[in-house]
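> Place chain B on chain A using the hints.
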Amino acid sequence: MAKRSIFLYLAIAVAIVWSIFPIYWFCRMAFLTPNEIRLFPQPFMPQVFEFGTFYNIFGYDYEYAAGYVSGASGQSNQIIRGVLNGLFISSIVTVITLLIVVPLAYVFARMEFRHKQKLLFAVLLAVALPPVSTLIPFYSMYVQLGLNGTRFGLIVVTLTITVPFVAWMLIGYFRNLPPIERLARIDGYSRTSCLLTLILPLAKSGIAVAAVIAFLFSWNEYTYALVLVNGTSANTLPTAISGFLGQYPEPGNLAASVIVTIIPPALFAYFLQRHVTEMSLVDPVR
Amino acid sequence: MAKIDLVKLRKTFGAYVAVEGLDLKINDGEFLIMLGPSGCGKTTTLNMIAGLEAASAGDILFDNVNVTDLPPHERNVAMVFQSSLLYPHISVRRNIETSLRHTTISDADRKRRIAEAAKMLEIEPFMDKLPGQLSGGQRQRVATAKAIVREPSVFLLDEPLSALDAALRLSLRSELVNLQKRLGTTTVFVTHDQVEAMTMGDRIAVMNSGRLEQIGTPDEIYNSPSTVFVAGFLGSPPMNLLEGDLAGGFFRRGGLAVPIQGPGGKVTLGVRPQDVTVTEATAPGALPVTVYAVEHLGRESVLIADDDRGNKVRALVAPGWHARVGEKLGIMPDPARCLLFDTNGARIYETVARAA
Chain A
267 MAKRSIFLYL AIAVAIVWSI FPIYWFCRMA FLTPNEIRLF PQPFMPQVFE FGTFYNIFGY
327 DYEYAAGYVS GASGQSNQII RGVLNGLFIS SIVTVITLLI VVPLAYVFAR MEFRHKQKLL
387 FAVLLAVALP PVSTLIPFYS MYVQLGLNGT RFGLIVVTLT ITVPFVAWML IGYFRNLPPI
447 ERLARIDGYS RTSCLLTLIL PLAKSGIAVA AVIAFLFSWN EYTYALVLVN GTSANTLPTA
507 ISGFLGQYPE PGNLAASVIV TIIPPALFAY FLQRHVTEMS LVDPVR
Chain B
2 MAKIDLVKLR KTFGAYVAVE GLDLKINDGE FLIMLGPSGC GKTTTLNMIA GLEAASAGDI
62 LFDNVNVTDL PPHERNVAMV FQSSLLYPHI SVRRNIETSL RHTTISDADR KRRIAEAAKM
122 LEIEPFMDKL PGQLSGGQRQ RVATAKAIVR EPSVFLLDEP LSALDAALRL SLRSELVNLQ
182 KRLGTTTVFV THDQVEAMTM GDRIAVMNSG RLEQIGTPDE IYNSPSTVFV AGFLGSPPMN
242 LLEGDLAGGF FRRGGLAVPI QGPGGKVTLG VRPQDVTVTE ATAPGALPVT VYAVEHLGRE
302 SVLIADDDRG NKVRALVAPG WHARVGEKLG IMPDPARCLL FDTNGARIYE TVARAA
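Here the protein sequences line up with chains A and B, keeping their order. Quick note on the working numbering: the first sequence kicks off at 267 and runs consecutively. Quick note on the working numbering: the second sequence kicks off at 2 and runs consecutively.
Among the hints, erroneous ones may be present.
To be verified - Taking CB as the label site, the calculated pair distances span:
hint	chain 1	residue 1	chain 2	residue 2	range
1	A	Lys-384	B	Pro-72	24 to 34 Å
2	B	Asp-194	A	Ile-286	53 to 63 Å
3	A	Lys-384	B	Gly-327	30 to 40 Å
4	B	Asp-166	A	Gln-539	27 to 37 Å
5	A	Leu-276	B	Gly-327	33 to 43 Å
6	B	Glu-75	A	Pro-467	50 to 60 Å
7	B	Lys-130	A	Tyr-326	54 to 64 Å
Unchecked claim - Examples of chain B residues toward chain A, derived with CB under 10 Å:
hint	residue
8	Gly-52
9	Phe-63
10	Val-66
11	Gln-83
12	Pro-89
13	His-103
14	Ile-106
15	Ala-148
16	Leu-171
17	Glu-296
What the hints assert, rightly or not - Quick look at which bits of chain A chain B covers, simulated, 3 or more residues with Cβ under 8 Å:
hint	region
18	392-400
19	412-423
If you're looking for bench data, these hints aren't it; they were derived computationally from the structure. For each residue, glycine too, the CB sits at the ideal point set by N, CA and C.
So here's chain A without its partners, still in its complex pose (with noise of 0.2 Å):
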């Protein structure tokens, strides 16, 4: 039993390790001041902590404590501009993903109807598709179409990635809801009514899961972004980070919009771990 719980501590200690030093080390090098950053070796904590690069990543100046300014990033539009269309990309895609796919799922889940299998299999079918493979089409499509460079274009392609795997999830979900439909129909709802006021309410975990996750893909989506937005008005934050690698470097400010990137999600994530554990610890079937 001893043994068996350091071999469990162990293993946990080093999954902590393996999610948290790279968030550590992002960290430490947004926060080391330019001196610090040109030392070898670096230090391994920054001696004060000062929010410089994030002025500068968002175009201000900054006067660090030591005397000497930093100049705003020349990508602070690009960043800027990134999380602003990210922001509003993600949500709508949100929003459209949920309401396709929360009717789409309840239906494949608890409704019987013909060809539903082989249906199903082709709206799952996506999922399997790396997106690399539906780049080079979409690019000389949307090309003719006018979308490339547009946030409408990249709404409507990462729906094409979120709406299969969002189903995929919700589908599993709703089947494991306990047959209420029997006990609705007894107390004459209607269909819709039923899925309205009865169904959505009970299976508000599920959805908020859902939600979460497309807002995530959306948020996070970089090869289509990268081919189709990137350098545009319509870009999103991952590619506007990915633009300074091509430039002087800059650590403290990449690692800067790196922590930006990830705030809105860890968020997300925090306020909604309650139905997370809850959609996995609790027993839907009662």
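Same frame as chain A, now just chain B:
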């Protein structure tokens, strides 16, 4: 209160026939049990009575009114589902309230009915809890309250006790019967548990592979089964069913010879474990068996033995009775208590037991 008539009711799912040509009359105020193994069509039949499944053919009449095409809530039925299904995300009170959605009664009446049902089922202390916070027995009571608050003409119960532990099942069984007798509501109760069927029902309808095998009082079903299926399905320990030949005034199977007269040919002899005597292996006319196990039930014991064809044969013996495993013994059925079934499983009634 209603009597229910099922007329040539049929239900198919694609090529699969779930219920075939079912004719059944359920009397007003009766507690009818539908009993059968899983997949026999009993739940499908119940769902058709409720209106949850559309009948493929045939009619359902409540008090001579054809309700076959009515949706469930217009039939004035109440249903308790397997594992006492409730809406998990709303309180017990609101669960019960939803039953009254389609009634046009005043608010005061509504409150009174809910309070009465809660009092009758003794669920007042947890009216504002969620179903998930209740025990299995409490949930069962809530589901029952939800059913009776509508004052339905028909109660339909689909194995409501199957998920509960044995002790609770025992107490809820009598509670349900008592409630049904007080309210006098026609009730159809589906179960695969023969003890529930025997103890609760006014009548039992035994179903097998979509067909009605027999309907009758528990006494008729137990003592006078009309098919070999009913004979084998009811009773614990189960009836001994022995295949053999009937000729010359004797039923014969190996060494066994039971003096019974009837139409000759291949038949199955059925005899309950309490209607056989255990004899010496060499006793003339007895079935030679080898002891397999002795189960002590307290008031009596059950001898389980293998006959020479590998069939298990059971006999009730006195509680102090002992036998070694592997010991050779004989089993002698009481000819007056033997039933005969033909090769199609139908009872042969024209039999006469003779003294040996």
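> Take the hints in turn and mark each one as holding or not.
Results for each hint:
no.: 1; hint: A:Lys-384 - B:Pro-72: 24 to 34 Å; verdict: 31 Å, holds
no.: 2; hint: B:Asp-194 - A:Ile-286: 53 to 63 Å; verdict: 55 Å, holds
no.: 3; hint: A:Lys-384 - B:Gly-327: 30 to 40 Å; verdict: 59 Å, violated
no.: 4; hint: B:Asp-166 - A:Gln-539: 27 to 37 Å; verdict: 35 Å, holds
no.: 5; hint: A:Leu-276 - B:Gly-327: 33 to 43 Å; verdict: 56 Å, violated
no.: 6; hint: B:Glu-75 - A:Pro-467: 50 to 60 Å; verdict: 26 Å, violated
no.: 7; hint: B:Lys-130 - A:Tyr-326: 54 to 64 Å; verdict: 55 Å, holds
no.: 8; hint: Gly-52; verdict: 8 Å, holds
no.: 9; hint: Phe-63; verdict: 15 Å, violated
no.: 10; hint: Val-66; verdict: 19 Å, violated
no.: 11; hint: Gln-83; verdict: 9 Å, holds
no.: 12; hint: Pro-89; verdict: 5 Å, holds
no.: 13; hint: His-103; verdict: 4 Å, holds
no.: 14; hint: Ile-106; verdict: 14 Å, violated
no.: 15; hint: Ala-148; verdict: 9 Å, holds
no.: 16; hint: Leu-171; verdict: 23 Å, violated
no.: 17; hint: Glu-296; verdict: 35 Å, violated
no.: 18; hint: 392-400; verdict: violated (count 0)
no.: 19; hint: 412-423; verdict: violated (count 0)
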